[in-house]
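As they're listed, the protein sequences go chains Z and D. Quick note: the first sequence uses the working numbering, first residue 74, plus one each step. Quick note: the second sequence uses the working numbering, first residue 74, plus one each step.
Be a bit skeptical, because a hint or two may be false.
The list cannot tell twin chains apart, which means a pair is met if one copy fits it or any two copies do.
Claimed, not checked - As a list, the in silico SDA-like pairs of lysine to any residue whose alpha-carbon atoms are at most 20 angstroms apart:
(1) K196 x T161
(2) K164 x Q185
(3) K213 x F125
(4) K213 x P183
(5) K102 x G122
(6) K164 x G86
(7) K175 x A98
(8) K213 x M115
(9) K77 x Q185
(10) K175 x E117
(11) K213 x T97
(12) K213 x A98
(13) K175 x G127
(14) K77 x A120
(15) K77 x M124
(16) K213 x T161
(17) K187 x A98
(18) K187 x M124
(19) K77 x T209
(20) K175 x A120
(21) K102 x K196
(22) K164 x M115
(23) K175 x G221
(24) K213 x L96
(25) K196 x G126
It should be emphasised that the hints constitute simulated quantities derived from the structure, not laboratory data.
Protein chains: 2
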Amino acid sequence: MQQKLWLEDLLVGQEFVSATHRLTADEIKEFAGRYDPQPFHMDEAAARGTMFGGLAASGWHTAAITMRLSVQSFPLASGIIGSGGELTWTKPVRPGDALQVKSEILEIIPSQSKPDRGMVIVKLTTTNQNGEIVQTFSPKLVVFRRPGT
Amino acid sequence: MQQKLWLEDLLVGQEFVSATHRLTADEIKEFAGRYDPQPFHMDEAAARGTMFGGLAASGWHTAAITMRLSVQSFPLASGIIGSGGELTWTKPVRPGDALQVKSEILEIIPSQSKPDRGMVIVKLTTTNQNGEIVQTFSPKLVVFRRPGT
Chain Z
74 MQQKLWLEDL LVGQEFVSAT HRLTADEIKE FAGRYDPQPF HMDEAAARGT
124 MFGGLAASGW HTAAITMRLS VQSFPLASGI IGSGGELTWT KPVRPGDALQ
174 VKSEILEIIP SQSKPDRGMV IVKLTTTNQN GEIVQTFSPK LVVFRRPGT
Chain D
74 MQQKLWLEDL LVGQEFVSAT HRLTADEIKE FAGRYDPQPF HMDEAAARGT
124 MFGGLAASGW HTAAITMRLS VQSFPLASGI IGSGGELTWT KPVRPGDALQ
174 VKSEILEIIP SQSKPDRGMV IVKLTTTNQN GEIVQTFSPK LVVFRRPGT
């Protein structure tokens, strides 16, 4: 079990690398059927005639898998709690792609008004098995200090 | 069946309003179990002791539902295809909340190099049953012209 980290344990430049998750065509279609029912995410033949040129995962599916991989690898004691950020999809995710996430700490800003917490800006970079970036997300997180300190 | 829209059918200021989707606690927990396994998204009792003060949906769940509601209400003929944008969660989504999405066209930029398409900047605003904004997302979409024109 990884040690859980509080605000004072974090350093600018720290990186946390996740396990990998390999997507299947069935998983891509199932997510799309629930949340992003468009031909290029649901049907190989229909996808060939679109700008994707073949089945591609919903960006929201990539984002959701990125979140799970981050939760499992970036061990913040108070959890990964964000208010949003800039989200960019840079390359289609295909069946068989193995995704991995690197969480990097860009900035640590102690709260002026609430001494028990701070804001931490991180960059989550999701890559495929060829090291190509498929998504970046730069959220601002609320991170708490170790209680009783 | 709604008429499908191409680039030349769009106007700045046009709005498309979705149906509503009411979330259950079970649905919130199921999504979180798959993609965002943190106590405040999975367990009412554990959530009470966190900054959410009770069970709240994963932001990625709100985003995924927003996508489905958009796909069903914003009838782009070539599909809703985006490269990302600024994503903001402004208020927790709770069990029983009924979400609705308004898609608004902010800017239409014909491509200089590819005459068959343009870039369209939209704002997707997700509200709950009290009209409170829970999420905004401002993606850049690729939208195609009607073929053969």
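Checked hints:
1. K196 x T161: This pair counts as both: shortest intra-copy Cα distance 11 angstroms, inter-copy 16 angstroms.
2. K164 x Q185: The answer is neither: 39 angstroms in one copy and 22 angstroms across copies each exceed 20 angstroms.
3. K213 x F125: Cα proximity of K213 and F125: across copies only (16 angstroms, versus 31 angstroms in one copy).
4. K213 x P183: within (12 angstroms within a copy, 33 angstroms between copies)
5. K102 x G122: within (17 angstroms within a copy, 37 angstroms between copies)
6. K164 x G86: neither (25 angstroms within a copy, 30 angstroms between copies)
7. K175 x A98: Answer is neither; intra-copy 24 angstroms and inter-copy 31 angstroms both fail.
8. K213 x M115: neither (33 angstroms within a copy, 22 angstroms between copies)
9. K77 x Q185: Result: close neither inside a copy nor across copies, 24 angstroms intra and 51 angstroms inter.
10. K175 x E117: Neither way: K175 and E117 sit 30 angstroms apart in one copy and 30 angstroms across, limit 20 angstroms.
11. K213 x T97: neither (31 angstroms within a copy, 28 angstroms between copies)
12. K213 x A98: Neither: 32 angstroms inside a chain and 26 angstroms across chains, both beyond 20 angstroms.
13. K175 x G127: Neither: 27 angstroms inside a chain and 30 angstroms across chains, both beyond 20 angstroms.
14. K77 x A120: Classified as between: cross-chain Cα gap 18 angstroms, same-chain 43 angstroms, threshold 20 angstroms.
15. K77 x M124: between (43 angstroms within a copy, 18 angstroms between copies)
16. K213 x T161: Intra 15 angstroms, inter 10 angstroms, cutoff 20 angstroms: intra and inter.
17. K187 x A98: Classified as neither; 46 angstroms inside a copy, 31 angstroms across copies.
18. K187 x M124: between (48 angstroms within a copy, 13 angstroms between copies)
19. K77 x T209: neither (24 angstroms within a copy, 31 angstroms between copies)
20. K175 x A120: neither (30 angstroms within a copy, 27 angstroms between copies)
21. K102 x K196: neither (28 angstroms within a copy, 26 angstroms between copies)
22. K164 x M115: within (18 angstroms within a copy, 31 angstroms between copies)
23. K175 x G221: neither (31 angstroms within a copy, 45 angstroms between copies)
24. K213 x L96: For K213 and L96, the Cα distance exceeds 20 angstroms both inside one copy (28 angstroms) and across copies (26 angstroms).
25. K196 x G126: This pair counts as neither: shortest intra-copy Cα distance 29 angstroms, inter-copy 27 angstroms.
Checked against the numbered hints given earlier, this structure breaks hints 2, 6, 7, 8, 9, 10, 11, 12, 13, 17, 19, 20, 21, 23, 24 and 25; the rest are met.
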